[in-house]
Structures are given as C-alpha cells and as structure tokens.
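J.: The sequence shown: position 85 = 84 (numbering that gives the first Met the number 0), numbered continuously.
By construction, these hints were calculated from the structure, which means they are not laboratory data.
Where hints are given, some of them may not hold.
[Claimed, not checked] No more than 16 Å apart at the CA atoms, straight line, and that leaves these computed lysine to aspartate or glutamate pairs for EDC-like:
1. K291 with E83
2. K145 with E60
3. K145 with D274
4. K257 with D216
5. K257 with E226
6. K291 with D63
7. K257 with E287
8. K145 with E278
9. K291 with E104
10. K257 with E175
11. K145 with E175
12. K291 with D216
13. K257 with D114
14. K291 with D217
15. K31 with D114
[What the hints assert, rightly or not] Now the in silico label distances, taken between C-beta atoms and shown as ranges:
16. N130 with P295: 31 to 37 Å
17. R9 with Q53: 22 to 28 Å
18. E50 with E287: 41 to 47 Å
All residues carry an ideal CB built from backbone N, CA and C; glycine is no exception.
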Amino acid sequence: MSLAPEPVSRRALVLANPNSGGGAAMAAPILKRLRFLGLDPIHAELGGSDEVCQTILDHREGVDLVVLCGGDGTMNAAAPALIETGLPMGIVPLGTANDLARTLEIPTDLIAAIDIIAGGARRCIDVGLINDRPFFNVASIGLSTKVAHELTKDIKRRWGRFGYAVTAARIAFKAETFAAEIVSEHGTQSVRALQIAVGNGRFYGGGAAVRADARIDDGTLDLYSLETRNVWKLAFMLGRFQRGEHGLYSEVRTDRGKTFEIRTPHPMEVNVDGDIVTETPARFGLMEGAIKVFVPR
0 MSLAPEPVSR
10 RALVLANPNS
20 GGGAAMAAPI
30 LKRLRFLGLD
40 PIHAELGGSD
50 EVCQTILDHR
60 EGVDLVVLCG
70 GDGTMNAAAP
80 ALIETGLPMG
90 IVPLGTANDL
100 ARTLEIPTDL
110 IAAIDIIAGG
120 ARRCIDVGLI
130 NDRPFFNVAS
140 IGLSTKVAHE
150 LTKDIKRRWG
160 RFGYAVTAAR
170 IAFKAETFAA
180 EIVSEHGTQS
190 VRALQIAVGN
200 GRFYGGGAAV
210 RADARIDDGT
220 LDLYSLETRN
230 VWKLAFMLGR
240 FQRGEHGLYS
250 EVRTDRGKTF
260 EIRTPHPMEV
270 NVDGDIVTET
280 PARFGLMEGA
290 IKVFVPR
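Use the sequences and the hints to build the structure in full.
T.: Here you go:
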C-alpha cells in the first residue's frame, strides 16, 4: 500500500454527474467548500458519464487533480483518462451504492469528503480490467445482471443502497444456474453457477464484500462462483456474503489471482459496478497502483 501526505495541488477540475444524487444542484456548495479550503476549482458541466473521459483529457494541462462527484459509474467512466493523465482523483460520493468510496473509507457526508481531498493524503490503488475496460469494484455474471436491469430509479430513490438487496431477493427465487468455464492461473474449472463475480476492490452491490480480506491495493483479483441451486439456502447465506465470508460454504468456489477468464456456451451480459458494459467471454486483468486517490489520513 502506498499512503503518504503530499501538498495539495491548487487547480481542481470538478465533474458532477447530473444523474447522481442531484449532482448538478450539489455543484455550488462543493465549489464553495473547495475554495474555502484553498483550492482553485474549475467546474465542467457534464451531459452524462460518457463525457467524463474527454473532459478530463481536454483539461489535462490546466489542472492538478480531478474531483469526481457521483457514483461508481462516474468513477469507472473516468478511469481511462485518469490512467492516461496520471492526475489524482478526489471522490465526493453522490451515487446510490458508493462502493469505491466505502472501500476507501470516504464518508458520504459532502463536507467530510471534500476535507479529505484538501487533506492531501494519496493512495495508489489497483484497477481491474474486464475485456480491456477498467473498473474499480466488481464485475459479475448471472444474478447481478438481472438486478441491474430491474433496479429502477424509483427503487433506488425509495430504498437507497438497500434497493440492491430488495431487487436481488425478488429475482433470486426465479433465478436459474448457467454453465461456465473458469480459467485461472490454477487451471480450468467447469461449473454451473447462479453468479460468478470477480472483484478488484472490497465492496459491491451497496455494501456486500467480495472477500473479507480483499483490498483495492493488494495486487490481486478475487473470484467467487455461487454454485447452489437451493434458493432457500441462499437466503441463509446472505449474512456471510455481506461480510465476505461466503467462501466458508461448500457451494461457493473462491480463487485469487491476477488474471481470470470466464467462458459461457452463449454470450452473457457482464455487470460492472451496476452497469452492463460487455459480455462473455470475459477476460480479467489487473493494473497495479494505476490511479492515485485522495483518502483519509
């Protein structure tokens, strides 16, 4: 782990996702707090997360850090530009799950999150790759893709991060296993699973842990394959999943490594931190220490 206080750079590019937690409305108090703490913010309006990368690249010569205000989708959208430019990232969590912020112990309180950025302590974190696309938290196949399709804005607004659990519970009783091959550094395994997930960080789905001792700077990816057909038993396993202790069950296969590949007889969608971005075959890799993030001291 790399964690060291550094002088806070003054020019900050502030990007607020208008679709995350009232991002547009929150821009003014965020800018005000940054100025109060001695930073010089430049606010760039976004039409959506697809504009994040290009906006960072357009400002790369005129800023010293990027402040991202949004959820996990916004963070993932920024990753390619952050890797290319080397600019450090400050996080103001405004999403539903905020799993990257939770992994890094960044609070959802706006003032506290901005104070961490001004504090200047930086940590180099790993970035996962799924079919050459960077991601921070977890990519998964199976149950989670159905959750992504059915988790509406109304459910998010009504239940917050608990909407993931509510939606997953409803879907689980209709779920069916699928055939897959898991290729790792330890060989190839043929499985029938309800879900296969590969994590770079620790948290996903609004607070569940991919593995109890997972870290976002440990230089490894963590895989689990949920291979039970008994949905009722799955309900009893949920507590272990929240704590990242699901590997204690015989129905859960776990592995740890730097590369994985998941193959299925037919293409299946892959959910990456709440967004469907690619499909199988899914090839996973890792970029160690690829991005600098402001974190609590």
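J.: A separate judgement is required for each hint: does it hold in the structure or not?
T.: Structure-based check of all given hints:
1. K291 with E83: holds, 12 Å
2. K145 with E60: violated, 41 Å
3. K145 with D274: holds, 11 Å
4. K257 with D216: holds, 12 Å
5. K257 with E226: Violated: K257 and E226 sit about 22 Å apart, past 16 Å.
6. K291 with D63: holds, 12 Å
7. K257 with E287: holds, 10 Å
8. K145 with E278: Holds. K145 to E278 sits at ~13 Å (cutoff 16 Å).
9. K291 with E104: Holds, because 15 Å separates the two Cα atoms, which is no more than 16 Å.
10. K257 with E175: violated, 29 Å
11. K145 with E175: Since the Cα atoms of K145 and E175 sit roughly 11 Å apart, the hinted pair holds (cutoff 16 Å).
12. K291 with D216: holds, 11 Å
13. K257 with D114: violated, 34 Å
14. K291 with D217: It holds: about 15 Å lies between the C-alpha atoms, which stays within 16 Å.
15. K31 with D114: Holds: K31 and D114 sit about 12 Å apart, inside 16 Å.
16. N130 with P295: 31 to 37 Å: holds, 33 Å
17. R9 with Q53: 22 to 28 Å: Holds: the Cβ-Cβ distance is about 23 Å, inside 22 to 28 Å.
18. E50 with E287: 41 to 47 Å: The hint (41 to 47 Å, Cβ to Cβ) is violated, given that E50 and E287 are roughly 28 Å apart.
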